[in-house]
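Student: One-letter residues, chain by chain:
Number of protein chains: 2
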Amino acid sequence: MQTAPASFRIEKATVNDVPLILQFIRELAEYEKLLDRVTTNENRVRDTLFGAEPAAHALLAYENNQPVGFAIYFFNYSTFVGRPGLYLEDLFVSPEARGKGFGRELLAHLARIAVERGCGRIEWAVLDWNEPAKGFYKRLGAITMDDWTVFRLMDQALADLASK
Amino acid sequence: MQTAPASFRIEKATVNDVPLILQFIRELAEYEKLLDRVTTNENRVRDTLFGAEPAAHALLAYENNQPVGFAIYFFNYSTFVGRPGLYLEDLFVSPEARGKGFGRELLAHLARIAVERGCGRIEWAVLDWNEPAKGFYKRLGAITMDDWTVFRLMDQALADLASK
Numbered sequence: 216m217q218t219a220p221a222s223f224r225i226e227k228a229t230v231n232d233v234p235l236i237l238q239f240i241r242e243l244a245e246y247e248k249l250l251d252r253v254t255t256n257e258n259r260v261r262d263t264l265f266g267a268e269p270a271a272h273a274l275l276a277y278e279n280n281q282p283v284g285f286a287i288y289f290f291n292y293s294t295f296v297g298r299p300g301l302y303l304e305d306l307f308v309s310p311e312a313r314g315k316g317f318g319r320e321l322l323a324h325l326a327r328i329a330v331e332r333g334c335g336r337i338e339w340a341v342l343d344w345n346e347p348a349k350g351f352y353k354r355l356g357a358i359t360m361d362d363w364t365v366f367r368l369m370d371q372a373l374a375d376l377a378s379k
Numbered sequence: 216m217q218t219a220p221a222s223f224r225i226e227k228a229t230v231n232d233v234p235l236i237l238q239f240i241r242e243l244a245e246y247e248k249l250l251d252r253v254t255t256n257e258n259r260v261r262d263t264l265f266g267a268e269p270a271a272h273a274l275l276a277y278e279n280n281q282p283v284g285f286a287i288y289f290f291n292y293s294t295f296v297g298r299p300g301l302y303l304e305d306l307f308v309s310p311e312a313r314g315k316g317f318g319r320e321l322l323a324h325l326a327r328i329a330v331e332r333g334c335g336r337i338e339w340a341v342l343d344w345n346e347p348a349k350g351f352y353k354r355l356g357a358i359t360m361d362d363w364t365v366f367r368l369m370d371q372a373l374a375d376l377a378s379k
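If you're matching them up, the sequences are chains A and B in order. The first sequence lines up with residues 216 to 379 when you count with our numbering. The second sequence lines up with residues 216 to 379 when you count with our numbering.
Derived from the structure by calculation, the hints contain no laboratory data. A few of these clues could be false.
Simulated pairs of lysine-lysine, PhoX-like, Cα-Cα distance not exceeding 25 Å [unchecked claim]:
(1) B:K248 x B:K349
(2) B:K379 x A:K379
(3) A:K353 x B:K379
(4) B:K353 x A:K379
(5) B:K349 x A:K315
(6) A:K379 x B:K248
(7) A:K353 x A:K248
(8) B:K227 x A:K349
(9) B:K248 x A:K227
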């Protein structure tokens, strides 16, 4: 694993970065073969990340002042430990910028945010076929939550239950 | 599936409910055979759920004015749809109060909160061996996120990465 060069930096995104964030969301979805699931747009990104009550936070990574990746995260909660956790919703490094340690730098930055905020853990979900990502995360010491199944209620099933 | 009787009600928890919430957290953990993972206490429950910036929200369910269950939830975020989601961290109905539709009533209450808040989905995690729960959720129309693996970075691995 290489160490990121001095020309690499990470910054909090601002409302001016909305088009760039949307572009990275779409590039990540394309890589994950899930582009058909992307229904967000600039207005939603602006309202949800930069409105009065942000639902999540965005970081941008730059190499030589060119954007090369991003991360979107929010804080979740563990009742068992009674502490918040950091949930990493999106992590993406542009294909042409990979192999330089930028993904690790983004994760290390998030780890520092988590520790400063008193979080006991960072969690995220990886597509099962994404072996390069899974290997990378395991080498960092991440464990997999193999005993749990995530359920999701959405669309008509959610509307039906809400209307009872 | 029975309909909950009129003697059943759901209320937002208040800071006076901290001991009861902690008791339910421990009862749920015991049912999940994870009681050894519970390190929270009344102070942490109070600070994280009823402090200046609550990390999560608690609901309590009552039958004939006796507490029979609880739910803890927070709002997460989907970048693909650009909307918040509702994440159900804990859902528990006391063993002696099961089979009366109270779990479904709690979930329906959460579904209404999700819809009012503009959430596209409710998500939660279930232990793989908990077949009764899995069957119950599937009958409500919930789907399982089978293509994803959840990773977690914690303890020394988190501290190591943060100190880079």
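Student: Going back to the hint list, which numbers does this structure go against?
Tutor: Structure breaks hints 2, 5, 6, 8 and 9.
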